[in-house]
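Visitor: Listed below are the residues making up each chain.
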Amino acid sequence: MSDLAGVSSTLLYAAFLLYLVATILFGGSIRQKGLREGKGLNRWGKLAITVTVIGFVAQLGYFFTRWAAAGHAPVSNLFEFTTFFGMMIVGAFILMFFIYKTAVLGLFALPVAIIIIAYASMFPREISPLIPALQSQWLHIHVTTAALGQAILAISFIAGIIYLVKNIDQSISTKKTKWLETVMFFIVTVVGFIIVTTGFALADYSATFDYVNKEEAAAVMEYNVPALVGPNEGVLVTDGKMSPFVDMPALINAKKLNTVLWSLGAGIILYLAIRLITRKRVAALLQPLVRNVSSDLLDEISYRSVLIGFPVFTLGALIFAMIWAQIAWTRFWGWDPKEVWALITFLFYAAFLHLRLSKGWHGEKSAWLAVIGFGIIMFNLVAVNLVIAGLHSYAG
Amino acid sequence: MGKVKCECGHVNPHGTILCESCGRSLTDEAKKENLVDMRYEGSARRSQTYNKTIIDKVWNFFSSVKVGIWIIVLILVAASFGTILPQEFYIPSNVGPEVYYEDVYGWFGKIYYMIGFHDLYNSIWFSALIAALGVSLVICSLDRVIPLYRALKTQRVDRHESFMKKQRLFAEQPGSLQEADMEKVRAELKKKHYKIREKNGSLLAEKNRFSRWGPYVNHIGLILFLFGAMLRSVQGMYVDELLWIREGETMQIPGTDGEYYVKNDQFTLENYEEGEDSEVFNEAINRVGTVAKNYQTDAILYRDENNGLPGAKPELSEVKHDDIRVNEPMKFDNFAVYQTSFRQDEMKAMHFALTNKETGREFGEVVVDLFDQQAMYDLGNGYKVELLGYYPDFDGFTEEGEPISKSPLPNKPAFLFNMISPEKPDGEVSFVEIQNTMEPLGETTYKMAFKNLETRDVSALTIRKDLTLPILSIGGIIFMIGVIQGAYWNHRRIWIREKDGSIYMAGHTNKNWHGLKREIHTILEGTALPEPEDRQTD
Ligand code: HEM
Chain A
1 MSDLAGVSST LLYAAFLLYL VATILFGGSI RQKGLREGKG LNRWGKLAIT VTVIGFVAQL
61 GYFFTRWAAA GHAPVSNLFE FTTFFGMMIV GAFILMFFIY KTAVLGLFAL PVAIIIIAYA
121 SMFPREISPL IPALQSQWLH IHVTTAALGQ AILAISFIAG IIYLVKNIDQ SISTKKTKWL
181 ETVMFFIVTV VGFIIVTTGF ALADYSATFD YVNKEEAAAV MEYNVPALVG PNEGVLVTDG
241 KMSPFVDMPA LINAKKLNTV LWSLGAGIIL YLAIRLITRK RVAALLQPLV RNVSSDLLDE
301 ISYRSVLIGF PVFTLGALIF AMIWAQIAWT RFWGWDPKEV WALITFLFYA AFLHLRLSKG
361 WHGEKSAWLA VIGFGIIMFN LVAVNLVIAG LHSYAG
Chain B
1001 MGKVKCECGH VNPHGTILCE SCGRSLTDEA KKENLVDMRY EGSARRSQTY NKTIIDKVWN
1061 FFSSVKVGIW IIVLILVAAS FGTILPQEFY IPSNVGPEVY YEDVYGWFGK IYYMIGFHDL
1121 YNSIWFSALI AALGVSLVIC SLDRVIPLYR ALKTQRVDRH ESFMKKQRLF AEQPGSLQEA
1181 DMEKVRAELK KKHYKIREKN GSLLAEKNRF SRWGPYVNHI GLILFLFGAM LRSVQGMYVD
1241 ELLWIREGET MQIPGTDGEY YVKNDQFTLE NYEEGEDSEV FNEAINRVGT VAKNYQTDAI
1301 LYRDENNGLP GAKPELSEVK HDDIRVNEPM KFDNFAVYQT SFRQDEMKAM HFALTNKETG
1361 REFGEVVVDL FDQQAMYDLG NGYKVELLGY YPDFDGFTEE GEPISKSPLP NKPAFLFNMI
1421 SPEKPDGEVS FVEIQNTMEP LGETTYKMAF KNLETRDVSA LTIRKDLTLP ILSIGGIIFM
1481 IGVIQGAYWN HRRIWIREKD GSIYMAGHTN KNWHGLKREI HTILEGTALP EPEDRQTD
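Protein sequences appear in the order of chains A and B.
As numbered in my numbering, residues 1 to 396 make up the first sequence, in order.
As numbered in my numbering, residues 1001 to 1538 make up the second sequence, in order.
Just so you know, not all the hints are guaranteed correct.
DSS-like cross-link-like pairs, simulated, lysine-lysine; straight-line CA separation at most 27 angstroms [stated by the list, open to error]:
id: 1; chain 1: B; residue 1: Lys1110; chain 2: B; residue 2: Lys1153
id: 2; chain 1: B; residue 1: Lys1153; chain 2: A; residue 2: Lys101
id: 3; chain 1: A; residue 1: Lys176; chain 2: A; residue 2: Lys338
id: 4; chain 1: A; residue 1: Lys256; chain 2: A; residue 2: Lys338
id: 5; chain 1: B; residue 1: Lys1517; chain 2: A; residue 2: Lys359
id: 6; chain 1: B; residue 1: Lys1066; chain 2: A; residue 2: Lys176
Some, not all, of what chain B presents toward chain A, calculated at C-beta under 8 angstroms [what the hints assert, rightly or not]:
id: 7; residue: Ile1075
id: 8; residue: Leu1076
id: 9; residue: Ser1080
id: 10; residue: His1193
id: 11; residue: Ala1292
id: 12; residue: Tyr1338
id: 13; residue: Thr1462
id: 14; residue: Trp1513
Because the hints were derived from the structure by calculation, they are not lab data.
Note that CB positions come from ideal geometry on N, CA and C, so glycine has one too.
Please put together the full structure from these sequences, using the hints given.
Guide: Here it is as structure tokens:
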């Protein structure tokens, strides 16, 4: 049994590396314009998509071996769900690639998937047994369909961001360049989070605090990165570790806030370093990579992804969710924050479709909407899981 | 109202922009446009035609997609506010919301509560927004679907050149159609599942018209769903009750009008155990501590055969045994009974032995059922124990020395016994609580020695009936069909026409233009027909 779990981890690792290689290969292939523009894929492009598919198959291998080891589909904690989401992004990318044969899509989609999988591995990775509420076939059905829907919608974001990188004039500083840099900064910050967390994990950093929790009871909290902010009435127990600058009130989860602060700090340093060294905006750095692709095609890929993803998302994140909620929680709808944010995502994309249809919001406007939509999806995945606790929050 | 007669002879409803039949522009504005607006085929929509009476104005307001989008966005933003702090129904029930929000979240919580966001989803204004969405859905759909249907049904094969020239995909070339080319084109079109109609040397190829009905189908689904959700407030459609039931107890199931009873035979809580469960879980169990595996009530369902007979005692007949677990409710009629919560080890009965303090000899055991006490327990041979007082939730004494009980729940039971023996026929008084005995009226020879405690679990079952579920399900299914119909197919048309020594080609799709262009490219390959160009690119 645990052998199987070991094989599973190895396969995930392999998939991760293959995605990295494929990204580089896609980088080599971007001079071709995409089949729809009349030209076939070049050798790089063919190699890149082949490696991507092999990586995807490896990750499927991870998924099913872990399923066999655990006895339930590995979508039951944050690590598993987020990893699965990354895998579905690769899957959705492969799907869109075979429709539109656009290499540059891979150059952006794979890094996003890589960052998401790396982010996932920051959470506890052990195989967890299912609590009673999760013991249902609907766990698999609901979570996988919802993640697939979100992943297809993510491709819309990726095409949208490429559209913006390509079309926003970088020769002057405008509101648009600032917003686009904000998006880039967010991505850099996630990378910062991964670097900080991995760094201190490799160094085995651990500092324990005694503190007083929300219920005014004594409790213990372990930090895995040095404490900038400490828990309520926190007392550092471990010798020789950094003491926090301030203590937080009991209502705030100091450990999570501390991680956010570290990530932001690392993000700012990384981002400024890029800007200072290259003397260019991040989007301006990326611009040459996307010069050859047709804006019109990007717009269509973005829209098409929403058209394909919206029904899948609705089915998985709302309809299957309601069926399961009726069985597990006695009611199909309870205004739990996670439910509400799925509804908000649904409404947002409904608004997107209507804006395109009736107000003719194509091109740049549509691309911005795709970016915001993905922002909502990520908010639901990150903030609602970690900050706004509801019935859904997985242990972790 | 005046109808509009087109040059081609077709009579169009008042307000038509493009002739339903030949496609000529009928209004001055439409004549000036470079590309025709094909969204609703230029059909006569009520909202674009009338704007006089108040009904017209309301109709026009709600049929506007712009307004519809605003409603959607408002609902979206409002809904997000409700997730900033927990809603009223998620806060602990032992504190009133007016204190809770301020206590826990300070001034922010106070304001949140004051503006009513603690119960946002039940507020009148939120319901009003949902209602507005429903109205908008009905009106906007009616406004469009009938004219669109008419226009698509009436369309002619040989559209006027002016119509074709104003299509986004268009080509014009001097020459005439060659039959060999046309054969090829027809064959290709058929291969791609186009329906072909021809007339006077003109050709119209069309496919997936049904996808145009997708939005209307999905809106009907939504309307049905909203209607179902509204029905919930109608009496008898919806039951939501909670039943706390102890092991061994049989209770009437609330919401069933006394028809059904349930017995809790046993409640079980299981945790995952290292060694017992798969070893891959060990790491997680070690990190988190305990992880629950199963909550289960072994239930027996009864029907009261005398239900409905006034005054008759219930006569229970067993319907079925069922194990109620999370995710596995017990179902009967339209009801479902769910495992929702539990309380473990509630005290049920206490065992005492009447004991001579000096010799330690016992003269029989007294079992006090905490829910059903006797006034006197006769132990035979002149030994008796009288229960003078029972204080289930003992909380000290009054100033007069009277024991008091905080609640009727046996959380901290205490007893006032009078111990009667052949030596002390009047009895000796002893006050007994857990781990503490007092002798308020002087030293006694006997004592009530604590022997044993019986406990049992209490299970919380939720009883639901929701007759709106079938309507909601049908609404959901129709919605999904509609969305898929509109999103995964698109309505494509290709027009080919020869007139006055020129060949005209035009193409239209309601979305996904690259796909159509690609398709036309393969269809025309190897023919002399001009390939339409996209005149709307960036
Ligand atoms: C949550 C609410 C709504 C949802 C989920 C929804 C969903 C949809 C979807 C999926 C489409 C098809 C879009 C496409 O294929 O690109 C559509 C089209 C449409 N919707 Fe909605 N809708 C909603 C509310 C509304 C409202 C309130 C209005 C009216 C003001 C409206 C008016 C329309 C119109 C006019 C179309 C286009 C019809 C056509 O192309 O013939 N929708 N809707």
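Visitor: Hint by hint, which ones does this structure get wrong, listed from lowest number up?
Guide: 1, 2, 3, 10
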